[in-house]
Amino acid sequence: MFEIIKKTLQTGCQTTKYPQTPDFAPQGFRGKPEFIAEKCTYCADCVKVCPAGVIWLSEKSGEKTLSLSCCGCIFCGRCEEVCKPGAIKLTQEYELSAKKKEDLISSIGRKL
Amino acid sequence: MTVEDEIEIMGQRMNDKIRKIFGRSLHIREVDAGSCNACEVEVNSLSNPIYDIERFGLHIVASPRHADMLLVTGSVTRNMELALLKTYNATPSPKLVAAMGSCACNGGIFGETYASGGGVDKFIPVDVYIPGCPPRPQAVIFGIMVVLDKLEQKIGKKEV
Amino acid sequence: MKTEIIDTIKKDFQENILEESISYNEIYLTVKKESIVKLCDRIYYHFDLPLVSIFATDERNINGFFKIHYVFSIDKNDAFIILRINVDGKNPGYPSITYKIAAANWYEREMQDMFGLVPQGHPDPRRLMNFEDWPDGVHPLRKDFDIRTKPPRVNGEYIYRHVDGEGVYEIPVGPVHAGVIEPGHFRFSVAGEPIINLEIRHFYTHKGVEKLFENISIDKAVFLSERISGDNSVAHAVAFCQAMEKIAGVNVPPRARFIRTILLELERIYNHLGDIAGIATDVAFAFGAAHANKLKEEVLQLNERVTGSRMLRGMNAIGGVRRDIGDKKDEILQKLSIIQRDFRKLMENFTSTPSLMDRIETTGRIYPDTAKGLHVVGPSGRASGLDRDTRRDHPYAAYPEFNFKVPVLKAGDVLSRTIVRADEICESVALIEQALWALPERETRVNVEKIPDGHAFGYTESPRGETIYWVRTIGNRIDRCKVRDPSFCNWLAIEYAVLDNIVPDFPIINKSLSLSYSGNDM
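Protein chains in written order, with our numbering: chain A, 5 to 116; chain B, 1236 to 1395; chain C, 5 to 526.
Okay, chain A solo, but in the shape it has when bound:
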């Protein structure tokens, strides 16, 4: 019993301060994927490799739109791996919750 009390006192408070103070994911964490619009060539390589199928390319009246939904994304980083121009990066952002599915979609577009 004495040992247990001793250990408890030695350990002290371990609880994180989140959410009162922000908590940053470590370097190399695979969080929200983000497009870098100016680098993208709309080759759709990322669309082909995405295991969850949450990246899609649409074409409407001469404008190509590349969209990604975090809703369903498994954060594997395959898109970043295959993107030759480096137009997609996984950021360290993890606070992604949203009340609507549409809020989780990010898109970039370009006129042809």
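Hints are computed from structural coordinates only; laboratory data are not their basis. C-beta: ideal position from N, C-alpha, C; glycine also. Misleading hints may appear alongside valid ones.
Not everything, but these chain A residues come out facing chain B in the computed CB check (under 8 Å) [claimed, not checked]:
1) P55
2) G81
3) Y98
4) L100
5) L108
6) K115
Please build the complex by placing chains B and C on the supplied structure of chain A, with the hints as guidance.
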């Protein structure tokens, strides 16, 4: 003022009230509707001494009848569909539903197949989507705050 | 491959062998369907080889047959012997071996549901994976079943085993449980407090993974394998990658093999810590639970800093690993030494708490012969005297280059399972240290563009035990991927472990066996 407007205002007031009530405490029932158990590991992490969600008045309870919110993981398999609906029906109103993890959000890598339903919102209404595979415990806390509109507390006040 | 045992088996079976082929360390013998019971019986009892898997393949479009594979492991020689029988596609019956070898029970019922192969003479031919609302004659793993079909729900009934007697009550539990665990149904028959019968019913989380493997491209399949049993991500991914690398004839760079070993051991540490925390929680030893959970969380955070994922996901790829962790060496070593020191102290606190020991000693016994008969694997098997460990018996990754002990105990109760886990944590820390100090230089991945046609086994020792993949590729796609998660073997053991224990001890026994529902149901 039309009747619809009045109803809307009343609904708004009710919502505010719910928020006030839930601001004190929220009881969560976790339902695994066919996840790969990584989400369960993270939900268990929520109650460990590091994250300790009980300090916000969030409790993980043993029965849906005690719960205000269902935290659903997994893509809703054919075999779990009925159990999920029964759990949802057993939860007292107003029932909040959080879809935790990519499978719950839209099926994730399992998609929609003969056995996998492809997302919780195909079966019951979802109030908040928490993406991640699995989401970090902090992301789940954030998701619960989103559903409670507690965001301003996080940014504004230092202490809850 | 020249080994005595294989020659003896071949000589023994001579007139029954139709065809034989050897690839890698796998000896395939196609035998006559009628002789399978006799041959399995002989291999299992006379040669004393464990039955590690049974699976079927649908080859009706090639030769009009289903093939059933019976896989036996030759631990001494790091080899597998596979008996194959052909089952007529139009008349899919074959003799059941369950009444001779109990470990075959679920495999045969699984094949009955997934392929429509009927095990003649099976003592319990009820449905397993398909529920009562699944229509007759529809079998998902047959090639003519499209993955997107949604068969209609039909009326049906599942009949549970029934215990009659004065004062006997049934307690149904699940599929949604009181704790944060996965779904499954348990039906206890109790007379007073002691459990006199338990029937488990699973496959609530059946997600159609094996069918999904056949419908996605190979590079995506690695991510799918990580998500079969979430807390065994690395073990599953490595097993899958090894099978593919075997088929492709790729030599994985040494640095990648070492990194895989480190990841596998990190996974073992956090899983075992979680199990020990769970046992402490279930006996209401809050102090132990809090500290073990804290240690587990520290490992998870270390995982996140090292690999970017708390569950160590996204690290494996066919041909190596996707990320180098060499620069994190000091951090890992430092953190693990602190964790190990804390853990040793914690275990002293555990063993010196009489109220805890009283609950876990002699609770949930699995006797060695039960464990052997059901083929219990992993720490649960080792706590019941089964001296098997894939890391040692079928070495893979960088394990042949390290020294480690495999703890084996005889009692088979919750206490011995806890001790086996505690010892394994210390061994794992030592293994990671060895691997980090000897980490070879150079590349971590070779590019594998195309996988040739072929088939192979991949295997790892996950924290739960022996995980086996059998993959066959045709035209750079997966034609069949059989996954045998350790839980598939261990689940039935719980029906025996709880007998004569009281209902309140069930959660402890369940936790001590550390069973994955998702890995079992797939």
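Against the structure, the hints come out as follows:
no., hint, in the structure
1, P55, "holds, 5 Å"
2, G81, "violated, 11 Å"
3, Y98, "holds, 5 Å"
4, L100, "holds, 5 Å"
5, L108, "holds, 6 Å"
6, K115, "violated, 30 Å"
In the structure shown, a violation is registered for the earlier hints numbered 2 and 6, in ascending order.
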